[in-house]
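**Student:** Put the complex together from the two separate chains, hints included.
The primary structure of each chain is shown beneath.
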Amino acid sequence: MVGIVLVSHSIGLAEGAAELVAQIARGVRVVPAGGTDDGRLGTSTQRIYAAITAADTGDGVLLIPDLGSSVLTALSLLADPGPWRSGNRVVLADAPFIEGAVAAGVAASGGFDLATVTMAAQEARDVRKL
Amino acid sequence: MSVSSEAHRSADEVVERTVILPKHLHARPAGQVAQAAARHTDTSIDLAAGSRRANARSVLAVMGLGAVTGAEVRVTVAGPDAAAVADEVCEILATPES
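Protein chains in written order, with this note's numbering: chain A, 1 to 130; chain B, 1 to 98.
For the record, the hints were derived by calculation from the structure and aren't laboratory data. Be careful, since some hints might not be right.
What the hints assert, rightly or not - Now the in silico label distances, taken between C-beta atoms and shown as ranges:
{"hint": "1", "chain 1": "A", "residue 1": "Leu41", "chain 2": "B", "residue 2": "Thr18", "range": "45 to 51 angstroms"}
{"hint": "2", "chain 1": "A", "residue 1": "Asp37", "chain 2": "B", "residue 2": "Asp87", "range": "48 to 54 angstroms"}
{"hint": "3", "chain 1": "B", "residue 1": "Ala84", "chain 2": "A", "residue 2": "Gly68", "range": "27 to 33 angstroms"}
{"hint": "4", "chain 1": "B", "residue 1": "His26", "chain 2": "A", "residue 2": "Gly68", "range": "29 to 35 angstroms"}
{"hint": "5", "chain 1": "B", "residue 1": "Asp87", "chain 2": "A", "residue 2": "Arg128", "range": "29 to 35 angstroms"}
{"hint": "6", "chain 1": "A", "residue 1": "Gly27", "chain 2": "B", "residue 2": "Ala71", "range": "24 to 30 angstroms"}
{"hint": "7", "chain 1": "B", "residue 1": "Thr69", "chain 2": "A", "residue 2": "Met119", "range": "31 to 37 angstroms"}
{"hint": "8", "chain 1": "A", "residue 1": "Gly27", "chain 2": "B", "residue 2": "Glu13", "range": "25 to 31 angstroms"}
Claimed, not checked - Sample of chain A residues at the chain B side, in silico, Cβ under 10 angstroms:
{"hint": "9", "residue": "Gly16"}
{"hint": "10", "residue": "Val21"}
{"hint": "11", "residue": "Gln23"}
{"hint": "12", "residue": "Arg26"}
{"hint": "13", "residue": "Leu78"}
{"hint": "14", "residue": "Glu99"}
{"hint": "15", "residue": "Ser109"}
{"hint": "16", "residue": "Gly110"}
{"hint": "17", "residue": "Leu114"}
{"hint": "18", "residue": "Ala115"}
All C-beta atoms, glycine included, are put in the ideal place defined by N, C-alpha and C.
Bound-form chain B, shown alone (with noise of 0.2 angstroms):
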């Protein structure tokens, strides 16, 4: 297999995971999604919650979700490592509060 077609079948990825909050969707841990959707610039990441959608990038959009504690939290990863950058979203969103 060349490496352009393993790298068109990478980017058609697409992993969806479902977080229930432990804590409020507040400025740190959307700074925390935010600072991850910049580490992986060519995989789209995007949060929803009740009928609000925000790309991951968007610190403020994020923020914006206004999702609190028990809420659920979709995320949709889609793009190279789709699945292991879902982990890393799904594990700052799930993480209690220190």
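Chain A on its own, in the form it takes in the complex (with noise of 0.2 angstroms):
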């Protein structure tokens, strides 16, 4: 199953998404990557990295980041070759942070591969909510 790995700034927003997702998308592997080293607000490499490695089971990974540094973050951690077993791919979606999880968490659930997990995430930026 395509892991997915939650990118924010905030630990609490990170872990409630990560809840939230694993409500709708029942047996979703979804890992909170939230805060710094020290737990204050913002991105941490290491935290990225470990829960890249949590999250994958060998289909591969897709980071979902908030937004600012997260992103940032996750593309500089995405430009060096990673610790994680090698072969296996990490995508960097380009998605909004609720939405995004929660449509990615339902087609990775399903089963679905990382190519159509990533579609998944990004086609919720069309999705309205009224």
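**Tutor:** Structure, rendered in structure tokens:
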């Protein structure tokens, strides 16, 4: 199953979003990566690395960032080879945080591949709430 | 009858059902419907409520129907095992909040 990592400035936001996704997309593997190493608002390369490793079951991992430095930190991390198992792909989604995470979670829990899960997250840009 | 002609016949099967919602069609049941749609990749499942329609594969579109308790949701299923898939989707929609 494709794993999902939710990258946020806030521990609470990342954990809450992961909890929500896990409720809606039962069985999904979703891991929060929120805050700095010492628990403040911000992003942590180490936390994202650890979350990718925890989310990775061999079918790839989709990173969904909230905004700003979450995106930049994830991008710089992807520019490096990474400590996770070689051959696995890690992709950064260009998607709204909550809607993208829920859509990706449902697709991942349905057993779809990384490209399809990424597309599900990114299609969330075009779905209206009302 | 050959296997291919059977497959062709079942692929043409279309089933329509209507469910009166005993609960809002909110995030959790929308997720269950989308997960069911994901299990049946060759079968198309469309939901309609009022003037809105949604492909059941999109959890966000299903939530976007804005279907509340008491609303009538029309379920249209086309493809292999359409009747069984329609049963599955209608059961999710018709199950009251636990």
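**Student:** It remains to establish, for every hint, whether it holds in the given structure.
**Tutor:** Evaluated hints:
For the pair A:Leu41 and B:Thr18, the supplied restraint of 45 to 51 angstroms holds, since their beta-carbon distance comes to about 49 angstroms. In this structure, A:Asp37 and B:Asp87 meet the distance hint of 48 to 54 angstroms, their C-beta atoms being roughly 51 angstroms apart. In this structure the hint that B:Ala84 and A:Gly68 lie 27 to 33 angstroms apart at CB is violated, the actual value being about 47 angstroms. Here the CB-CB span from B:His26 to A:Gly68 is close to 30 angstroms, well matched to the stated 29 to 35 angstroms.
At roughly 30 angstroms, the beta carbons of B:Asp87 and A:Arg128 sit within the given window of 29 to 35 angstroms. Between A:Gly27 and B:Ala71 the C-beta distance comes to about 28 angstroms, which sits within the given range of 24 to 30 angstroms. In this structure the hint that B:Thr69 and A:Met119 lie 31 to 37 angstroms apart at CB holds, the actual value being about 33 angstroms. Our hint of 25 to 31 angstroms for A:Gly27 and B:Glu13 holds, since their Cβ atoms are close to 29 angstroms apart.
With its C-beta approaching chain B no nearer than about 13 angstroms, A:Gly16 sits outside the 10 angstroms limit, and its interface hint is violated. For the restraint placing A:Val21 at the interface with chain B, the shortest Cβ-Cβ distance is roughly 9 angstroms, inside the 10 angstroms limit, so the hint holds. Evaluation of the A:Gln23 hint against chain B yields a held restraint, the C-beta minimum of about 6 angstroms falling below 10 angstroms. Using the Cβ-Cβ criterion of 10 angstroms, the hint placing A:Arg26 at the interface with chain B is satisfied: the shortest such distance is roughly 7 angstroms.
The criterion of a C-beta within 10 angstroms of any C-beta in chain B is not met by A:Leu78, whose closest approach is roughly 26 angstroms, and the hint is violated. Annotation: interface hint on A:Glu99 holds; nearest CB of chain B at approximately 6 angstroms, less than 10 angstroms. The beta carbon of A:Ser109 comes within 6 angstroms of a beta carbon in chain B, closer than 10 angstroms, and the hint placing it at the interface holds. Checking A:Gly110 against chain B: minimum C-beta separation of about 3 angstroms stays under 10 angstroms; hint holds.
With 10 angstroms as the threshold, the beta carbon of A:Leu114 stays out of range of chain B, its nearest partner Cβ sitting at about 15 angstroms, so the hint is violated. Interface restraint check for A:Ala115: the shortest CB-CB distance to chain B comes to about 15 angstroms, outside 10 angstroms, so the restraint is violated.
Of the hints listed earlier, those the structure fails to meet are numbers 3, 9, 13, 17, 18, in rising order.
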